[in-house]
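A.B. asks: Chain by chain, the residues run as shown.
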Amino acid sequence: MELLECIHLSKEFDNKKVLKDINIKIPRGKIVGLLGKNGMGKTTIIKLINDLLTPTSGEVLINGKRPSVESKKIISYLPERTYLDKGMTVKETFKFFEEFYDNFDSKKAYELLKKLDLDKDMKLTKMSKGMQEKVQLILVMSRKADLYILDEPLGGVDPATRDYILDTILSNFNEGASVIISTHLIADIERILDEVIFIDKGKIVLTGSADDVRKREKTSIDEVFRRMFKC
Amino acid sequence: MKFDFDNERPIYIQLVEQLRIGILTSTFSIGDKIPSVRDLAMLAKVNPNTMQKALAELEEEKLIYTERTNGKFVTKDVKLINKIRDNLAKEKAKEFFSSMKKIGMDENETIDYLQDLIKK
Amino acid sequence: MLGKLLKYDLKWVYKLIVIYYGLALVFALVGRGFGLIENSFIFDFIGKFSCGVSVAMIFNILINNVIRIWVRYINNVYKDESYLTHTLPVTKSEIYLSKILTTLITMFTSIVVVLISLVICYWSDNLIDFIKMIYPGISWSVIILTGIVLVLELLFLVFLGLLAITIGYRSNHKKLVKSFACGFAIYMGLSFVSLGILFIVGLFNKNILDLFTSMNPIVSMDILKWVLGVAAIVYLVYIILCNIICNKLLCKGVNVD
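Here the protein sequences come in this chain order: A, F and Z.
Just so you know, we're using my numbering here: the first sequence kicks off at 1 and counts up by one.
Just so you know, we're using my numbering here: the second sequence kicks off at 1001 and counts up by one.
Just so you know, we're using my numbering here: the third sequence kicks off at 2001 and counts up by one.
Next up, chain A with everything else stripped away, as it sits in the complex (with noise of 0.2 Å):
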């Protein structure tokens, strides 16, 4: 059984189709690129994935069933918002997530806060955007999840931020798990990638392993998608 399927998934607003039969499989162990430029449809099928949103037609299976507490148990997700209580302290958070995610490791959320120098003591309300976030991707990677689901985690984030998360990406990686990661900034993260899914107005557009794609294209992935999107 596929770790996560979407299977003829659509979705639409007031009439207008942002998602158009999307299937997806993806199996355990494989780190999957969802790459299409903002406002394609990217975060849409994220949503849908997670329980945010409702499938208009078509379904979204985890481990054959649809989204549900079980489910929710298993995907440990960073959107693209800050969604904490910003009434909290860092420490308050952890206590969250400890309370209700029994794969919460929280003495590895306290390595990753100090290799991160933030105070566990600090109210998220005193802190930039930027460290918000990566409160949250502790919070995220500190959870031993089957299948982690990023959006955007690379989107305004300095360099040395960048290279830590995908460390933590890779560290966290394990045989039983996958990881999908959304976003358009491509060449920072396309040598960790397996698979890649382009996505473009909706609907998917290219997929395949990430060397394949290399080998046929005898390119980047950044300058497949350069090319095929003109931008």
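Bear in mind the hints are in silico, worked out from the structure with no lab data behind them.
Virtual Cβ for every residue (Gly too), placed ideally from N, Cα, C.
The hints are all genuine.
Listed next, the in silico EDC-like pairs over lysine to aspartate or glutamate satisfying Cα-Cα at most 20 Å (straight line):
1. A:K126 with Z:D2080
2. A:K107 with A:D117
3. Z:K2011 with A:E99
4. F:K1002 with A:D167
5. F:K1053 with A:E175
6. Z:K2015 with A:D121
7. A:K218 with F:E1017
8. F:K1045 with A:D158
9. Z:K2252 with A:E12
10. Z:K2004 with A:E92
11. A:K201 with A:D222
12. A:K30 with F:D1039
13. Z:K2004 with A:D102
Covered, in the sense of this in silico footprint (three residues per stretch, anywhere, with C-beta under 8 Å from a C-beta of chain A), are these stretches of chain Z:
14. 2089-2101
15. 2249-2256
Chain A is fixed; fit chains F and Z onto it per the hints.
C.D. replies: Showing chains F and Z alone in chain A's frame:
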């Protein structure tokens, strides 16, 4: 060892090339245990699956071998290493000669030129 | 999991209103204290003023309690925080049940604080005589029944708000405006339904029917009890219906921005 990639070519092929050179230049010495797939992947900052694929390729060339419970080791077959170095040298030499040809030097002229260069 | 959700919901709603609890009680005590000192214009004034502040705090408590429940619901279930709420390993019903319990618990404590503050400020034998003078024939049962109806009406208002938000936020645009419109429409609609129900009850009770037909109906304490009783039951039914519908809608799934 340090890895360096361009994104134009399949990453696993570049990994194979660089690991191979690592063995030829004794970064990984004859008979030595090589780090785990995970550690190597972290070192090269690539996907462990890709590293796995590269190691499989090297194993096919018999440059490395797997000892069931202990992990992967560099081959003890010096002859094989020399042969592979020889192949690689041949390839590089051919490349060199052909690029010299492009600027108008044939093989004999090139050899003379090289000898002059070394004497200086 | 319900307990954990409830803990964080309660924490958030209480965060501000416990301060008002404290202020209402302190000003009530100060007011009463100064009021006890006889023959002093200044102390009497301070006493009355403090009681006035206490009453202002009482309004603060009730208004803030209701608004914080709604704001928490919007933030937690539909705005940025919803990204976390809906990805926690809990069912939508648990999320909603936690909101119901938060409403019941916080409203209960608020009402208790309000009553205690009022009793501290104004309770005296004179007050009871005064009430008896204005409403001859009033009994404890009528007072308690009135209190129950007021509380149920307040609770109905809160839950109606949650339902209106749930409906308003199902659409893709102008969600808040639609929530208001929807809440208002349902409230008006249900007001007519309530009148209708009272009329139907009137078909079996001539005195209540008189309220509709007679130009000058006699409102006896007996009739008042009847009307209050019907109102209590009607509000209770509305509250239950609101919550059932709201839970159903939420379980169908959300579409957050």
